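Q: Sequence:
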Amino acid sequence: MDTNSKEKLKEKHNERILNEEDDLINNILPSYHMHQSTISKNLTPTNENFRVDPPMYEMTPVNSLSTTPSVALSAIQSPTSNSSVDEFPFPNQEIHSGLEGGPNFWENTILANAHKLPNLNRSDNKICQDLEIDMKVTEKVCQKGVKPTIIDPSEYEFKQGDYIHGYVTMKNKSPVPISFDMVYVVFEGMLVVLENNRGLMDVKKPSKVHKFLTMLDLFASWSYANIARLSTDDGDPHDWCYGETDPYDNTVLSIDVKRFFQPNVTYKRFFTFKIPEKLLDNTCEEHTFSIHTEIPPSIGISRTSTTPSSLLVSNNGQIKDFSILDTSISYSVNARVIGKASDYKHSLDRDQYVVAKEATCSIRVIPQNSINYIHYNNPRNQGNILYYKAFVDSIKSKIEYGNALLNLPSEQRDAPDISPSVSRDGSFVKLRQLYTMADHEIKRELRPSTKQFSDEIYQCLAPFKRKSLTGSSKTLGVISLSTPKEDYRTLYIPPVKFRKPNELYDNTKLTIPLDISYFHTKSSSGKEIQFPEVKYLKVELVALTMRSSKYPIPLEFTHEMCFKEQEIYDKKQEPENFDSILIKQFQSYLLKLKTLLTTLGSTIFKVETSLMKDINSLATLSTKYINLQIPKYQLIMKSPKSHSSHTSIATIPWEQLKSTHDDYSLYSKTFDLNIDLKDCQMKGPTSHPPPGTSLDHFTLVPTFQTCFMSRLYYLKIGIKINTGELLTVNVPMHIEN
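Read in numbering that gives the first Met the number 0, the sequence shown has 697 at position 698, and its numbers run on one by one without any break.
Because the hints were derived from the structure by calculation, they are not lab data.
Be aware that a few hints might be false.
Said to hold, decoys possible - Taking lysine-lysine and the DSS-like style, the derived pairs with C-alpha atoms no more than 25 Å apart in a straight line are: (1) Lys593 <-> Lys395; (2) Lys158 <-> Lys395; (3) Lys496 <-> Lys273; (4) Lys521 <-> Lys277; (5) Lys395 <-> Lys534.
Remember, it's a predicted structure, so these values are computed and weren't measured experimentally.
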């Protein structure tokens, strides 16, 4: 049997198992009481006493003449006995406590704030030390009486639709019962930004925690009901199943209704989570961007859920994915025992909930791209560009309005200057005219009717000058480097430990059409044309990571925000990038609005809080650029007569093209640049390069965008000519799974 047939059989087997699991596992909606006591349990501790049995009631005959206890009468009074019939018969506090539709009910729950609670897990608290909690992940659904197959989740990459099965064990090693208020078993996804003081990071006090995914397993967690976890279960939901054990290992399957861990008893709770296809719509509640509700990939090192000793031990096995050092997106299954601080003799200014004990199991998630993602990355989708333009226009209008309040004429308004800072003398005007003519001629020749180029191109223009003995220079013409405006795509390659043994992972080769054109003034004396000499060609893959540490990002980023469609070479300036195009622009807007607010006051000049947050988010973005060089490439020159392969641009001949200007000539070198992303490598000397391809030693996670973090890729292609000018074009690239 060949490799493909084996892979197909394996895929069918996995699909069959997945369908069996779907049929076996029950899905339920929690009852109101269950919801109140678990999901929406408030951060403020209540005075519930679980040690006391509830009151016993006796059935009273309908015709009995005995008097009903007064407490019953006072608890529920007839509305007619009050001065107003409009009054509700229950206390107001009870009404509000039951309203889950309040605007901030989720933000005030234990589930949403578990990471903020005082954590005694690694403390020297004696009571907490006597609690032992452990977690195992299994290959299949856990069932009572069946031996589980334990797996190591760190050896797997999970995607949407995958199940995570396992169980949690909890044991009280002390001779006395230990109380608790809640046991939560959850699957969480969160972005964490640590306080970074010159490389010193405090893992205990992150500056930002954005929990974008919280899934609670109601069966594994403590609740008031006996939940039928599997379709084969037929238990009574009101039967607490006290003392029920797993015959496989004699662990107790039900937790005490009075919320005690009894001495020397091992409790076990089965859990199952299914990774969702996407996040809830309210994940991006402020801006409602659909791309922000896609499942993001795991990226960075989760230092908050990993002990320093574990980091040192696993240092060699860490995945290098070029994340910002203090930022991570991670997923994990967490089991937490939560109770009041007073129950664990932990002194605080006021009694509050604490995490007495917890167990964490990290899960690596690399999602598959959805239809929504593919639509977003379609170059014909201009919706996000129009949104961005409207957003910028609204800011400019606000600034213009503020300037008008200052009674300044429109001519003196400090409009942002996004053009290159070059002198405006006569020589510049002539050079600009030459650029315009050259651009027109080159684009005319690069139309589909004559070459395999589209009308839209990425282009860089530079003057070609000849220096005289006196040091002065004369512009002989304009040289252009251009490529069609196209999005390039490649597939995600997992780290070596996650790769399928028979998978080739060879979808890493790209072909980029390039054109080098030379537009020059014809010599009146008939001298031989002096062509620009290309010294070298440089190709780089740029991995750009953007992160906001405070406010949600109010945009869907596009590659047009990372580089310009057309660049004009200026030796005094670096080519523009995301920082200079977007961040610098919004820093200018923020400064102007703050100045206007300071001068006019917030009473006269009103700016929406949401707008200021959006501008602040973009003005304070952190970025990280990783430029991976691709030293190996192949140049293929195509002509009607033949195809030829070259290793240097110098060996590709200049081809004269027709020019509509009698005083100018146009020459061109057109070829395909073939590269393989497996050849990309870190910059710097490598006297002893490690074995295998470069992608065996670092990982390029799929392109993604979230409310607080994004990763984009693009290819940077540059040529340097003999007069020192470096022409660079950038082309968008997407890594998909």
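Q: Hint by hint, note whether the structure agrees.
A: Each hint, compared with the structure:
1. Lys593 <-> Lys395: Status holds; Cα separation ~14 Å.
2. Lys158 <-> Lys395: At roughly 43 Å apart (the allowed maximum being 25 Å), Lys395 and Lys158 break the hint.
3. Lys496 <-> Lys273: With Cα atoms ~23 Å apart, Lys496 and Lys273 stay inside 25 Å; holds.
4. Lys521 <-> Lys277: violated (61 Å)
5. Lys395 <-> Lys534: Distance ~44 Å between Lys395 and Lys534 Cα, so the pair is violated.
The structure fails to meet hints 2, 4 and 5 from the earlier list, while all remaining hints are met.
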